[in-house]
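Number of protein chains: 2
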Amino acid sequence: MNDISSQAASLKWNEQGLVPAIAQDWQTGEVLMLAWMNREALELTVREGRAIYWSRSRGALWRKGESSGNVQQLKELRIDCDADTVLMKVEQVGDIACHTGRRSCFYQRLENGEWQVTDPVLQDPEAIYGKS
Amino acid sequence: MNDISSQAASLKWNEQGLVPAIAQDWQTGEVLMLAWMNREALELTVREGRAIYWSRSRGALWRKGESSGNVQQLKELRIDCDADTVLMKVEQVGDIACHTGRRSCFYQRLENGEWQVTDPVLQDPEAIYGKS
Numbered sequence: 001m002n003d004i005s006s007q008a009a010s011l012k013w014n015e016q017g018l019v020p021a022i023a024q025d026w027q028t029g030e031v032l033m034l035a036w037m038n039r040e041a042l043e044l045t046v047r048e049g050r051a052i053y054w055s056r057s058r059g060a061l062w063r064k065g066e067s068s069g070n071v072q073q074l075k076e077l078r079i080d081c082d083a084d085t086v087l088m089k090v091e092q093v094g095d096i097a098c099h100t101g102r103r104s105c106f107y108q109r110l111e112n113g114e115w116q117v118t119d120p121v122l123q124d125p126e127a128i129y130g131k132s
Numbered sequence: 001m002n003d004i005s006s007q008a009a010s011l012k013w014n015e016q017g018l019v020p021a022i023a024q025d026w027q028t029g030e031v032l033m034l035a036w037m038n039r040e041a042l043e044l045t046v047r048e049g050r051a052i053y054w055s056r057s058r059g060a061l062w063r064k065g066e067s068s069g070n071v072q073q074l075k076e077l078r079i080d081c082d083a084d085t086v087l088m089k090v091e092q093v094g095d096i097a098c099h100t101g102r103r104s105c106f107y108q109r110l111e112n113g114e115w116q117v118t119d120p121v122l123q124d125p126e127a128i129y130g131k132s
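Protein chains in written order, with UniProt numbering: chain G, 1 to 132; chain Y, 1 to 132.
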């Protein structure tokens, strides 16, 4: 495989040097989450074969699953027509992508004009991350 | 249905007043595109039942399909745990979401270290938009 760095260079990074990255379950198609990547995160994602994001709140690389064990194994990587968004098809280890203990971060649906929680907590976040 | 405006107010709009919005085929689960919404675009999306984005390049509301006819009918609207990303399940009229005439904007896949075009052009963009 050619080095990813030259391919990463062709993306249109925003003014913060980031692109949005969508993680989608490679088998069910469920959209699990959207987070952000800088160029280093994208390159590491490809090299390590697992989703690695840039945490905007922490200002640091975020190896998804490093605390929880809920790693996202990379199955496929795509970019869009404008080369400013990444789409990953992943195998979600532990079946939990969300820090709330749910499968997907998109667990709130607009129903009758209000956001309704539609998806169950599969594991208590305290059990995932430990009590602080 | 309650007015969407109060629900829209609860989202975390970025410094430009925008959130990323993912459009996903409501039946196949295919991710079709990612674009951006401001608060007005989100409210209009709900009120009109079709995807309406904010075009960052044009600095104007973008009624998806207004030129091409390839409207995205809204089937379901979700937000994520951080309330800073929108996920729409849509019916893609005309089966073409991308301005290149492809079904999805994510038609480039990383293969052997290079971005490869994997999906066919279904309709010539000149036929969709007319010659300029």
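Do not take every clue at face value.
Claimed, not checked - Residues from chain Y shown here face chain G by an in silico Cβ test under 7 Å; the list is partial: (1) Leu18; (2) Trp36; (3) Gln73; (4) Leu74; (5) Asp80; (6) Thr85; (7) Cys98; (8) Gln108; (9) Arg109; (10) Ala127; (11) Ile128; (12) Tyr129.
It is worth saying that the hints were derived from the structure and are not from the lab. Quick reminder that beta carbons are idealized off the backbone N, C-alpha and C, glycines included.
Now for the hints, and whether the structure bears them out:
Proximity of Leu18/Y to chain G is violated relative to the hint, the smallest CB-CB distance being about 11 Å (cut-off 7 Å). A distance limit of 7 Å between C-beta atoms decides the matter here; for Trp36/Y the minimum to chain G is near 10 Å, and the interface restraint is violated. For the restraint placing Gln73/Y at the interface with chain G, the shortest Cβ-Cβ distance is roughly 15 Å, beyond the 7 Å limit, so the hint is violated. For Leu74/Y, the shortest C-beta to C-beta distance to chain G is roughly 9 Å, which exceeds 7 Å, and the interface hint is violated.
At its closest, the beta carbon of Asp80/Y sits 4 Å from a beta carbon of chain G; the interface hint therefore holds under the 7 Å criterion. With a least beta-carbon distance of about 5 Å to chain G, the hint placing Thr85/Y at the interface is held under the 7 Å criterion. Residue-level restraint check for Cys98/Y holds (minimum Cβ-Cβ distance to chain G is 5 Å; threshold 7 Å). Residue-level restraint check for Gln108/Y holds (minimum Cβ-Cβ distance to chain G is 5 Å; threshold 7 Å).
About 5 Å separates the beta-carbon of Arg109/Y from the nearest beta-carbon of chain G, less than 7 Å, and the hint is met. At its closest, the beta carbon of Ala127/Y sits 17 Å from a beta carbon of chain G; the interface hint therefore is violated under the 7 Å criterion. With a least beta-carbon distance of about 14 Å to chain G, the hint placing Ile128/Y at the interface is violated under the 7 Å criterion. The beta carbon of Tyr129/Y is not positioned within 7 Å of any beta carbon in chain G (closest approach about 14 Å), and the interface hint is therefore violated.
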